[in-house]
Amino acid sequence: MADIALKAPAKPAPRGASAWARLNANRNWLGLWFMMPAAAFLILFLAYPLGLGVWLSLTDAKIGRTGVFVGIENYEWLWDDSIFWLSVFNTLLYTIVASVIKFAVGLYLALLLNENLPFKAMLRAIVLIPFIVPTVLSAIAFWWLYDSQFSIVSWTLRHLGLINSNIDFLGDVWNARWSVIFANIWRGVPFVAITLLAGLQTVSPSLYEAATIDGATAWQRFRHITYPLLTPIIAVVMTFSVLFTFTDFQLIWVLTRGGPVNATQLMATLSYQRAIIAGQLGEGAAIATAMIPFLLAAILISWFGLQRRKWQQGEGND
Amino acid sequence: MTDILRKAALGTTAKAAFTEDHSEGMAYLQTLPRRLVTVYLPLSIILIVLLFPFYWMALTSIKPDDQLLDMERVSPFWTTAPTLKHFYALIFQTNYPLWLWNTMFIAIGATILSIVASVLAAYAIVRLRYRGASFVGGAIFLAYLVPPSILFIPLSTVVFQYGLFDTPFALILTYPTILIPFSTWLLMGYFKTIPYELEECALIDGASRWQILIRIVLPLAVPGLISAFIFCFTLCWNEFIYALTFLSTTAHKTVPVAIVNEFVDGDIYRWGSLMAGALAGSLPLVVLYAFFVEHYVSAMTGAVKE
Numbered sequence: 012m013a014d015i016a017l018k019a020p021a022k023p024a025p026r027g028a029s030a031w032a033r034l035n036a037n038r039n040w041l042g043l044w045f046m047m048p049a050a051a052f053l054i055l056f057l058a059y060p061l062g063l064g065v066w067l068s069l070t071d072a073k074i075g076r077t078g079v080f081v082g083i084e085n086y087e088w089l090w091d092d093s094i095f096w097l098s099v100f101n102t103l104l105y106t107i108v109a110s111v112i113k114f115a116v117g118l119y120l121a122l123l124l125n126e127n128l129p130f131k132a133m134l135r136a137i138v139l140i141p142f143i144v145p146t147v148l149s150a151i152a153f154w155w156l157y158d159s160q161f162s163i164v165s166w167t168l169r170h171l172g173l174i175n176s177n178i179d180f181l182g183d184v185w186n187a188r189w190s191v192i193f194a195n196i197w198r199g200v201p202f203v204a205i206t207l208l209a210g211l212q213t214v215s216p217s218l219y220e221a222a223t224i225d226g227a228t229a230w231q232r233f234r235h236i237t238y239p240l241l242t243p244i245i246a247v248v249m250t251f252s253v254l255f256t257f258t259d260f261q262l263i264w265v266l267t268r269g270g271p272v273n274a275t276q277l278m279a280t281l282s283y284q285r286a287i288i289a290g291q292l293g294e295g296a297a298i299a300t301a302m303i304p305f306l307l308a309a310i311l312i313s314w315f316g317l318q319r320r321k322w323q324q325g326e327g328n329d
Numbered sequence: 002m003t004d005i006l007r008k009a010a011l012g013t014t015a016k017a018a019f020t021e022d023h024s025e026g027m028a029y030l031q032t033l034p035r036r037l038v039t040v041y042l043p044l045s046i047i048l049i050v051l052l053f054p055f056y057w058m059a060l061t062s063i064k065p066d067d068q069l070l071d072m073e074r075v076s077p078f079w080t081t082a083p084t085l086k087h088f089y090a091l092i093f094q095t096n097y098p099l100w101l102w103n104t105m106f107i108a109i110g111a112t113i114l115s116i117v118a119s120v121l122a123a124y125a126i127v128r129l130r131y132r133g134a135s136f137v138g139g140a141i142f143l144a145y146l147v148p149p150s151i152l153f154i155p156l157s158t159v160v161f162q163y164g165l166f167d168t169p170f171a172l173i174l175t176y177p178t179i180l181i182p183f184s185t186w187l188l189m190g191y192f193k194t195i196p197y198e199l200e201e202c203a204l205i206d207g208a209s210r211w212q213i214l215i216r217i218v219l220p221l222a223v224p225g226l227i228s229a230f231i232f233c234f235t236l237c238w239n240e241f242i243y244a245l246t247f248l249s250t251t252a253h254k255t256v257p258v259a260i261v262n263e264f265v266d267g268d269i270y271r272w273g274s275l276m277a278g279a280l281a282g283s284l285p286l287v288v289l290y291a292f293f294v295e296h297y298v299s300a301m302t303g304a305v306k307e
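Protein sequence lines correspond, in order, to chains H and G. With our numbering, letter number 256 in the first sequence gets 267, and the count goes up by one each step, no holes. With our numbering, letter number 45 in the second sequence gets 46, and the count goes up by one each step, no holes.
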């Protein structure tokens, strides 16, 4: 109804109105002015730097010196750089493992919270706290929990008799990887759980009742009712989750700064080290630009997930 | 009856209440012992894991130094002699109050700028429907997907060129690029729910678009504005990589950057004050969140659902 009214062509200005008044009733002209502040920010500080980043990656710019065009030399350099490839491996491992576990635990937690529980609203509020607290500050708490000498985790396990000596959480290559992945999961699960819970609450309970009467098991109810109805929201949530895990910087920077021996070096932390600390802006920009294809792939996958969903609902594939 | 009372006490939203009416439907099929194992036990384990780091953070911040590192003499899980020494040191011996002020100033400045820009943009996209509005809407959503990690290097040169380096304005002007796409998308959703007939009446009565926005649309979109404000504020407070890159003077830093860079002297980690700093930096957000949980959740889920 509202759409019909909106789609009508701009109404002709009343006769006798001045050109200025006519202009101010023109929706295209007004739209331009209304868009101005947002567009200014996004063009100056988002679109322009995005293009500038690609350009920088093709130059040998250093801090305090504008570079000259060197073609794809930075990329050739990276191609032969084993640390770069290690960071790609780490980033993919970090993203895939953390996203899969975040999804599984998040969905499980959402299903648990969707049960008929006392203090439901309060539980939901508590679950979200790890997401509210700034990542850096909770990462510092994890840094202390992962301390090589005074870790409470090691202490507890030792006093339970499960281990003999303290675990070196952040000093050992694989321990460090699993430790940062765990911290990332800890922080991401609440987001996934609460957004999926919002999706679950829109599923009509009568569907479950009907399925139960027809003899469906709990797994069948989940597989054939919950999951299909939740697919669109899962696609969006997981896109965000994958994007932000892939480009994560804060958690690694606080916990390990990429160490030990680059075992937890992600592409984002490597580009910061090369560009800001070592001052090689061009090379850092090349690493950052190399992240873009991965991000596009993640977005496209979720896009096609949504498309399939539309088709299942019997809507046109527009 | 008890169900009604419980619902009222929990203050659940209208939508939750709508489904909750039926949720008791099949609960009788499960016995209590079964629910204990399948629901309450896993739920408590997850909650303990989620909350333990905060308990540990709070406990460490009030432990005296000798109990902090001596874990054999006294149980490390609580403290017998709580002290506010670390908070005292934080307030009077460091720049912490200044950092807190910087963070607050930057977060509020960037949030207000973003909300103003987003209200105008969202209104224009949803209601003015100028030529190409849907395309712009899509472009704004894509902008939300551009992560700061790939922008900070070129942005640092831009910030330097504009002479903003090491000033709060470097962050106040760059944070909106993270916030505007999100809040525009959120507000578009809210504006769509306002009946167009209201605006039609106002147009017939001779109101300009600007008057309609200020007098009719905004008052009706207050919940949406609060949601956008809370979420943007939290994001600003949380932001790290821009603050780390664009600020260099100790006195100009924000809380997350200052804690990471200024609190670690050599190899002697000052765990007590580090944890006190982390706790004090988190509390303002947690308190704000406690008052506006529903708005925060609706912001988070609303943006995803659109």
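Check the hints yourself; a few may be wrong.
Stretch by stretch, here's where chain G covers chain H in the computed footprint (C-beta under 8 Å, at least three residues) [to be verified]: (1) 130-144; (2) 181-188; (3) 298-312.
Distance ranges between label pairs, derived from CB positions [to be verified]: (4) G/Leu219 to H/Ile112: 57 to 63 Å; (5) G/Leu143 to H/Arg268: 39 to 45 Å; (6) G/Leu52 to H/Asn186: 57 to 63 Å; (7) H/Ala32 to G/Leu284: 49 to 55 Å.
Everything labelled a hint here was simulated from the structure, so no lab data went into it. Cβ atoms here follow ideal geometry from the backbone N, Cα and C, with glycine treated the same way.
Hints versus structure:
Beta-carbon proximity to chain G at under 8 Å applies to 14 residues in the region 130-144 of chain H; the threshold of 3 is reached and the given coverage holds. With a cut-off of 8 Å between beta carbons, the region 181-188 of chain H has 0 residues touching chain G; three or more are needed, and the interface restraint is violated. Residues of the region 298-312 of chain H lying with their CB closer than 8 Å to a CB of chain G number 6, which satisfies the three-residue condition for coverage. For the pair G/Leu219 and H/Ile112, the beta carbons lie near 42 Å from each other, so the given range of 57 to 63 Å is not met.
Separation of G/Leu143 from H/Arg268 is about 32 Å and departs from the stated range, judged on CB atoms against 39 to 45 Å. A beta carbon spacing of about 24 Å between G/Leu52 and H/Asn186 contradicts the range 57 to 63 Å that was offered as a hint. For the pair H/Ala32 and G/Leu284, the beta carbons lie near 53 Å from each other, so the given range of 49 to 55 Å is met.
Of the numbered hints stated above, those contradicted by the structure are hints 2, 4, 5 and 6, listed in ascending order.
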